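Residue numbers (my numbering), protein chains in the order written: chain A, 1 to 368; chain B, 1 to 353; chain C, 1 to 242.
These are calculated hints, taken from the structure and not from any lab test. Take these hints with a grain of salt, some might be off.
What the hints assert, rightly or not - In silico BS3-like links for lysine-lysine, alpha-carbon gap of 27 Å or less:
(1) Lys54(A) x Lys106(A)
(2) Lys199(A) x Lys79(C)
(3) Lys24(C) x Lys222(C)
(4) Lys333(B) x Lys76(A)
(5) Lys2(A) x Lys117(C)
(6) Lys76(A) x Lys90(A)
(7) Lys93(B) x Lys148(A)
(8) Lys93(A) x Lys333(B)
Since the model is a prediction, treat every value here as computed from it, not as a measurement.
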Amino acid sequence: MKRFIGFIRKEFYHIFRDKRSLFILFGMPIAQIMLFGFAITNEINNVDIAIFNKSKDATTEEIINKITASKYYTNKQLIQNEKEIETVFKRGKVKAVLVFENDFSKNLIKENKATIQIITDATDPNTANTIANYTNSILRTYQQIVNKDIEIAYQIIPETRMVYNPELKSVFMFVPGVMTIILMLVSAMMTSISITREKELGTMEILLVSPIKPFQVIIGKVFPYIFLSIINAIVIVLLSIFIFKMPINGSFILLGLESVLFTITSLSLGILISTISETQQTAMMISLMGLMLPTILLSGFIFPISSMPIPLQVISNIIPAKWFIIILKGIMLKGVDISFIWKETVILIGMTLFFMGLSIKKYKIRLE
Amino acid sequence: MLPIIFVLPLLQLVILSNAATFEVKNIKFSYLDNDRTSFSRALIDKFEASEYFNVLAHFNSEKEASAAMLKGNIDVILEIPQYFERDLLKEKKTNLSVTINAIDGAAAGVENVYINQIVQSFNKNATSELAMINGVTAIPKTIDSIPSFWYNETLNYKTYMVPGILVLLVTMITLFLSGMNIVREKEIGTLEQINVTPIKKYQFIIGKLFPFWIIGFGLLTIGLILGKVIFDVPMVGSILLIYFYTGIFLLVILGMGFFISNFTETQQQAMFIAWFFVVIFILMSGLFTPIESMPMWAQQLTELNPIKYFVEVMRMVMLKGSSLSDILPQLLKTLAYAIVMNGLAVWSYRKTS
Amino acid sequence: MKKENVIEATNLTKTFGEFTAVNKITFEVKKGEIFGFLGANGAGKTTAMKMLIGISIPSEGQATVAGYDVSTRPEDIKKSIGYMSQKFALYDDLTVKENITFFGGIYGLKRSQIRIKSEELINNLGLQEVSNDLVGSLPLGWKQKISFSVALLHDPKIIFLDEPTGGVDPITRRQFWEMIYETAHKGTTVFVTTHYMDEAEYCDRVSIMVNGKIEALDTPKKLKEQFKVDSMNDVFLKLARE
Chain A
1 MKRFIGFIRK
11 EFYHIFRDKR
21 SLFILFGMPI
31 AQIMLFGFAI
41 TNEINNVDIA
51 IFNKSKDATT
61 EEIINKITAS
71 KYYTNKQLIQ
81 NEKEIETVFK
91 RGKVKAVLVF
101 ENDFSKNLIK
111 ENKATIQIIT
121 DATDPNTANT
131 IANYTNSILR
141 TYQQIVNKDI
151 EIAYQIIPET
161 RMVYNPELKS
171 VFMFVPGVMT
181 IILMLVSAMM
191 TSISITREKE
201 LGTMEILLVS
211 PIKPFQVIIG
221 KVFPYIFLSI
231 INAIVIVLLS
241 IFIFKMPING
251 SFILLGLESV
261 LFTITSLSLG
271 ILISTISETQ
281 QTAMMISLMG
291 LMLPTILLSG
301 FIFPISSMPI
311 PLQVISNIIP
321 AKWFIIILKG
331 IMLKGVDISF
341 IWKETVILIG
351 MTLFFMGLSI
361 KKYKIRLE
Chain B
1 MLPIIFVLPL
11 LQLVILSNAA
21 TFEVKNIKFS
31 YLDNDRTSFS
41 RALIDKFEAS
51 EYFNVLAHFN
61 SEKEASAAML
71 KGNIDVILEI
81 PQYFERDLLK
91 EKKTNLSVTI
101 NAIDGAAAGV
111 ENVYINQIVQ
121 SFNKNATSEL
131 AMINGVTAIP
141 KTIDSIPSFW
151 YNETLNYKTY
161 MVPGILVLLV
171 TMITLFLSGM
181 NIVREKEIGT
191 LEQINVTPIK
201 KYQFIIGKLF
211 PFWIIGFGLL
221 TIGLILGKVI
231 FDVPMVGSIL
241 LIYFYTGIFL
251 LVILGMGFFI
261 SNFTETQQQA
271 MFIAWFFVVI
281 FILMSGLFTP
291 IESMPMWAQQ
301 LTELNPIKYF
311 VEVMRMVMLK
321 GSSLSDILPQ
331 LLKTLAYAIV
341 MNGLAVWSYR
351 KTS
Chain C
1 MKKENVIEAT
11 NLTKTFGEFT
21 AVNKITFEVK
31 KGEIFGFLGA
41 NGAGKTTAMK
51 MLIGISIPSE
61 GQATVAGYDV
71 STRPEDIKKS
81 IGYMSQKFAL
91 YDDLTVKENI
101 TFFGGIYGLK
111 RSQIRIKSEE
121 LINNLGLQEV
131 SNDLVGSLPL
141 GWKQKISFSV
151 ALLHDPKIIF
161 LDEPTGGVDP
171 ITRRQFWEMI
181 YETAHKGTTV
191 FVTTHYMDEA
201 EYCDRVSIMV
211 NGKIEALDTP
221 KKLKEQFKVD
231 SMNDVFLKLA
241 RE
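Between the sequences and the hints, there should be enough to build the whole structure, so can you do that?
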């Protein structure tokens, strides 16, 4: 045991002497949470649009005012001919052009029908589609006002309740993701690097020749990172509670335990990476390219899994982060207890055991 | 190492381009029909017919429904009240309660729009049916909107993501490799050996960075080919323009990698710092989330982000066929960035050795 | 007086797939001896040594080190030996004292022992001034001497040195060998691999490995007589050319 404590003390020396890494280690979660909280959103608003108004009458002005008053759009410019549409799109700023037909007002009064063309720059299909949808709903509202004298047959009014995130803050959606990524980064990448570092420097050999057991070496190396991960998790949770007013509806104890579990899952992945890589460079590349990107993109952190093609939905099941994000969203936003997330928890435990088993096997092969 | 540099990123390009989509479809839909009349059935049929909704379950009690929502099995609950049909016929007005899981706020907003569209078209159909029966009294005024989606009529998300993810991979690989490479020599001690040889500093720097410049082009080329072959991403603009811009952009990244390696002592540090900046640059680049939606101060900050320009240029040239004059602002800013970054790198290299 | 054997190897073999890295080597090393283990790069000396220090399992044959079988009791061997590798494996980001404390700790020394030992070590090497400096800031020769002393911290019966003098200047090498003599004089067996043939002259006995086999084994003097040459360097060249 005493050997073990000495070992852990040495690991902490390594970590605390490396001021730059330490700064990144603690600066990263704060910077990311701040960015996601204050700057980044997957909503679409403030889109620059251009107007090509061929009729210029009271009705079109009214509609334009209605549209530009919404938070979705910023009226950028008026354009005078068809050709200009192409030009503004190619410059890249304007995402949509609204074209009002000739005699818009007259047509609406005489023929009860008028046409607006919504031309969108669909290189970004999501923005294009959303703009089209939002514009439509603004037009429909306007229509209802115009038609208010006409008796309608009947009307169904949906009352929508947005649960778990009534103000639709995107930070609520991103906090669980950021926390997952940070825990993964600290645990998997840092451990794999710090183990391969000893291999590269030759100290691993010295440790293997000493009476300290290989599993003690490994546990001694990963232990400090559990500690750092937990501190990071606490910082993230505190920031989201106090700065972004995010509720933690579930139990803090459960949240803590699940975070420790996921940390151990990531650590075991880190150990596995270190058994298959000889240099720090390889370990880093594998952790970053092989681990981080799939974790960010396939876990449901930013992109909804249910919209992905079926094969990717299947693949997403082997990403530990996916399950942890479900757990975090459950505890933090939905306030569920373990009975709702036991399945995800069991999956994470299973994955951890699998990674550990595989590392032990790999390790033994190396020794023979 | 070579498979990691080439195979892994390109594999990711292929896989992740499929994953990165904000489209909202396959919405996990469920309903609670307290009325069980032909009207309520007709409304539900509308949802079943929609391509956006997957009607997964119907519940008999609110409790069941909210438990399923908590478990994450469903995202939308439509609750049709009792006397739905009776109220509609008698009072011409009724409510409908919709519950949406809003953790993903943006998706929830879109889901809400889809639900409203379906309900409104249900209203509209009923209105016109009634008008037919009663004889025409007053025709409501309608404004037809005709959406047209330029450059990407089918709203294929992959053509948007492939150029973006390619940018991400090219940037990450070249930055990490260049950042780590010189530190590696420092760590192993070979840098000292090189410093005592008669090689000039600029020769050393160019010799060190040139291979990564080539690797960057290699990645870009293979990525473009894969994009064309697998995803059929159009190349509307000039491919030469893309290469020309990339050449300048890579100088920014290599300069940055070199700068980082001057200020770090171990590969781990270099990697960490590179990673820190890459993550921030990527998040602020408009690659995944729209820049226009950011607050003003954040939008101004993105002006300092080279990756933003690369993402913009790739998408503009490849998908819209923007010309040199269209991308001139981005090009000039990138060039200025390259000069400043490499100047700093050379200056700091002199200082440290 | 016949001294006891502390290392005995019989037909020790290591194969990696088709490739035989170490081919049936047999030798013994006596207590207090300085045993030189020579060979060109790739001759198999590091592989053979790894089997003796218990981090690689022999494919065939047996060996005992300090009385323990390498296949069955590697953990006991590890407690009885010291090891210093060709990379001077101290932690650069730890101070001299912290390195000593750490390595003392993993060899299970008590805290009081560590304190006495580290003071002794620092005084012997004249490191009082730099004992709280990071090892990374010290010159290579110092690191190497500290590394050697650290490997001896737990008073091992045998110390294994894997090319300990690579890349240092002749004066430091000389000083280093003086430390080795001193250690052997105190009764510690020294097992050293090297490819500096002048160093081979300092050994009590040397073995020369060529392509996985031991081709010669005796005192330097007898080997020179046997091959009718003047220096170990010539012995080696003669063997390697055959």
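Hint by hint, here is what the structure shows:
no., hint, result
1, Lys54(A) x Lys106(A), "holds (12 Å)"
2, Lys199(A) x Lys79(C), "holds (21 Å)"
3, Lys24(C) x Lys222(C), "holds (23 Å)"
4, Lys333(B) x Lys76(A), "holds (23 Å)"
5, Lys2(A) x Lys117(C), "holds (18 Å)"
6, Lys76(A) x Lys90(A), "holds (15 Å)"
7, Lys93(B) x Lys148(A), "holds (15 Å)"
8, Lys93(A) x Lys333(B), "holds (16 Å)"
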